[in-house]
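Chemist: Use these hints to put chain B onto chain A, whose structure you have.
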Amino acid sequence: MHRYILQRVLTAIPILFGVTFITFLIINAAPGDPVDMMISPDNPLPPEGMRARREALGLNKPLLVRYVLWLRELFQGNLGYSLVNHEPVLARIGRRLLPTVQLMGTSFLLGMITGIPLGILSAIRQYSPLDHLTTVLAFLGISSPSFFVGLGAIYVLSLKLDLFPTAGMQTLGASFSLIDCLHHLILPALILSVGTTASLMRYTRSSMLEVIAQDYITTAQGKGLTGRQVVLRHALRNALLPVITILGLSLPGVFGGAMITEQIFQWPGIGMLSIHAVTARDYPVLMGLNLFSAILVFVGNLLADIGYAIADPRITYK
Amino acid sequence: MQSRKRILIGWMALVTLVTVLIASCATPTPVEKIVTQVVKETVKETVIVEGTPQVIEKEVTKVVKETVVVEKEKEVEKLVEVTPVPEKGRILRVGMWSSPQSFNPFVTTGGYSEAVMDYVYATLTRSDDDGRRIPYLAESWDISDDGSEYTFHIREDAVWHDGTPVTARDFEMSLLLHGSPDVASIRYGWRTNIKGMEAYNAGEADSIEGLQIIDEKTIKFVQEESHYSFYDYNYIVLPAHILADVSPADLEGHPYFQAPTVGCGPYKFVGYEPDQYVELEAFDDFFLGAPKIKRIILRIGTQDVLLAQLQKDELDVVLVPPAEVERVKNLYDISLATAMGSGAQIIHVNLQKPYLQDKRVRQAIAYALPREDMAQALYLGGGTVQNSPNNIGWAIPPDLNPYDYDPEKAKELLAEAGWDSSTELLLRYPTGNKPREMSAPLIQSALKEVGIEVELQISDFSALLEDVKAGEYDLALLGWMSYGDPDSHLTQVYLSESTPPDGWNIMYYKNDTVDELIREGRVTFDQAQHEKIYQDIYRILNDELPVVYLWSENQTFAYNNRIQGFSPSRYGGTMGRGAFPNIVELTLSE
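In the order they appear, the protein sequences are chains A and B.
FYI, our numbering numbers position 78 of the first sequence as 78, with every residue one higher than the one before it.
FYI, our numbering numbers position 518 of the second sequence as 518, with every residue one higher than the one before it.
This is chain A alone, in the form it adopts within the complex (with noise of 0.2 angstroms):
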């Protein structure tokens, strides 16, 4: 199992490299630069100072040139500064991290409680009414445009019915409370749940499906064992396995987080950054996050891989 891991991560090391290479490529080829994006639109700025500007931020030297300068860079552990507000770039995205991780990891973990035991109840009760309402339910969640959900969902119950406070992650202008905190996360980590939930629900309901055709669940039923035993223990179990791996993928977006809800309901997560970053054309900004996004990746199925092998033991690494 060691020497397996150590070969993915050898692996992995190239791979990275040709992501951060045609990352930079992409963004380099996107019409505009920074200092474009530092004017403001209506005002017109001589000239003189934009050219100074690009000139200080070595804007002006050859792609491959500024590529290398950036990879050594990074050897040294430095992921460079924000063209923007030369913070650097390291500690934007670090800064934002706990929010994301706050509000995607809630997302999820309430996706999970809801998507997995309606998707096993669904199964188990095949073509009934609630399958039927579960599944029509599904669908619309995953259809729906978080961007609508979130605003409808802002307009019902935080403007009319004033259950919830409508953005941002505590009140403005009060002292910290924990409370205040967990009551502004709740609106938006629940309509991000809803896909997560719907998608979750699917997966559950047709693993779980092919599991119970299964001969030795037959088995189990003729053994006299009763329904929640059969389900719990034998049947729940083996169904799962697919669920982790989607678990595991899902790695990249809790740290990811959503652009479109985050700019919603202003919550300063990854996603917003994100989207500052490619409106600015932030170069260093955009290379860190596209970095760290592909760890995440390879580590997300890499802990996919792993936690499969562990909990299916027809499964082995060599």
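Please keep in mind that the hints were generated in silico from the structure rather than gathered at the bench.
Built from N, CA and C at the ideal position, the CB exists for glycine as well.
Just to be clear, a hint being listed does not mean it is correct.
To be verified - Which residues of chain B face chain A? A few of them, derived with a C-beta cut under 10 angstroms, are:
1) Ile186
2) Glu273
3) Leu315
What the hints assert, rightly or not - Below 30 angstroms or equal to it, Euclidean Cα-Cα: the simulated DSSO-like pairs (lysine-lysine) are:
4) Lys292/B to Lys268/B
5) Lys329/B to Lys312/B
6) Lys469/B to Lys61/A
7) Lys359/B to Lys532/B
8) Lys434/B to Lys160/A
9) Lys329/B to Lys160/A
10) Lys312/B to Lys160/A
Modeler: Only chain B this time, still in chain A's reference frame:
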């Protein structure tokens, strides 16, 4: 069986409960309310000047009152009372549409960064609503007879937020930083008319010749070329006692710019929660008096969410997009204030293309657009049609051709010019301004009516700039803001040398008379002559139409009635101090 029934009943109960809740809140009680709107508009007046009647334009502030039946929503019993909102009456909560990028004036001129810097810093002078200069940090100034030297007297009572007095040294240091080649200030181009600035920037001099410190509170600026509308001196001043010893290379990363807690404006910077809000606190020793509102929070959010927050009383004031004005007007407790826009949306014409070089074609385009109706549709009454680069009263001659909608005339002109109707024009426009985006298809169909085929292409702003500078367009929709004096704008956009990369003359317009007039206007110090020159320029532009002027957008602010004395100026767009020129006097009731 049992559990299935139970689940079903549970669902139905939940659904019923939610429906009842919603229904109970949705029945409003009708109430009459008086809606007041403060509107500044331009009116034409006939005035006798030297014996001849003349029609001039004046700006008047009107308060429009109308009685409206409004539905006041029943107070919903708070189901969850979590944290009491602190001191509603003592914090001014302002909505901003986007986050400030940075608080470093050398690095950005972005509107939202400017908004925060407006509160925290001060400049020597500022503009009133007619574009005239009024004292701010400078209590008075003297101009030499030939107009080339400006001597400013800094207020005795001007102090930094930590109590240190504001002195000429602060101005000297700030200007040196703007000119320093190591700092590479993005605003350098606005300071080049100070004598010796370019030499200093090129490394040929150790100091700036045109900046002379007379004494602690007196500073003199000498112009490189004597211009009437010299404004280079009006830069944001930074504290020398904090930044003087910082080397230019370390300047950008200096913690001061992450949190500019020592400024000289009416409010002190308290903190910035990234992408959430900026917190400001009143500076009681401010030279115009201690601001009455003690705390300000600039809240960042999307337009829809900010409006929802205004309704929910989580915000006190926010800009309203034109489409929402009708709805917001009817909200209880909310009033509207409108400031006439200060710029214009313009169709730039690429004069490098041979088929656009005949001015009759451009005039035809102007006649073909029903601008009055389009402005009405796009801005729902909040837009004013323009026929000149800006809407400053004194520069606009009374005899401009208004190019009223006349498609027949347009067709005539096109026929005269020998327009080939198979030519397709590429109209490019940027994202970021909803009404402008919506105007493009309207323009396309209006031009089609008179036989001009138009293809639309939307891009993001930065991409558009690049292409437009390279001449890859036929028509480009862009907007310009304008400040007090038209010289800066005319120089950058219409002067024949200001073609990219040296300026914004993306039309490649060349008219020797206009060039001459612009140069003359700069050095004409007689007020009446000065005005006449600009009026002549505007007449030429109005006839030749290197660009087709569309309209200027009004800015409508929605604010909670607890704000007393709210009167936005026309430059208030990004919710900086421009929206609150009298921020020191505003109060909150209750």
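Chemist: Decide, hint by hint, whether the structure agrees.
Modeler: Here is what the structure says about each hint:
Interface hint status for Ile186/B: upheld, as the beta-carbon distance to the closest one in chain A is roughly 4 angstroms, under 10 angstroms. Because the beta carbon of Glu273/B sits about 7 angstroms from the nearest beta carbon in chain A, less than 10 angstroms, this interface hint is met. Annotation: Leu315/B was flagged as interfacial toward chain A, and the flag holds, the nearest CB pair being 9 angstroms apart, inside 10 angstroms. About 14 angstroms separates the Cα atoms of Lys292/B and Lys268/B, which keeps this hinted pair within 30 angstroms; it holds.
Note on Lys329/B and Lys312/B: the hinted pairing holds, with a Cα-Cα distance of about 15 angstroms set against a maximum of 30 angstroms. Taking the CA atoms of Lys469/B and Lys61/A, the gap is about 21 angstroms. The hint holds against a cut of 30 angstroms. A distance of roughly 24 angstroms separates the Cα atoms of Lys359/B and Lys532/B; the hinted pair therefore holds under the 30 angstroms criterion. A hinted pair counts as satisfied when its Cα atoms are at most 30 angstroms apart, and Lys434/B with Lys160/A qualifies at roughly 27 angstroms.
With a C-alpha separation of about 18 angstroms, the suggested pair Lys329/B and Lys160/A falls inside the 30 angstroms cut-off, and the hint holds. Restraint check: the Cα-Cα separation between Lys312/B and Lys160/A comes to about 9 angstroms, which is no more than 30 angstroms; the hinted pair holds.
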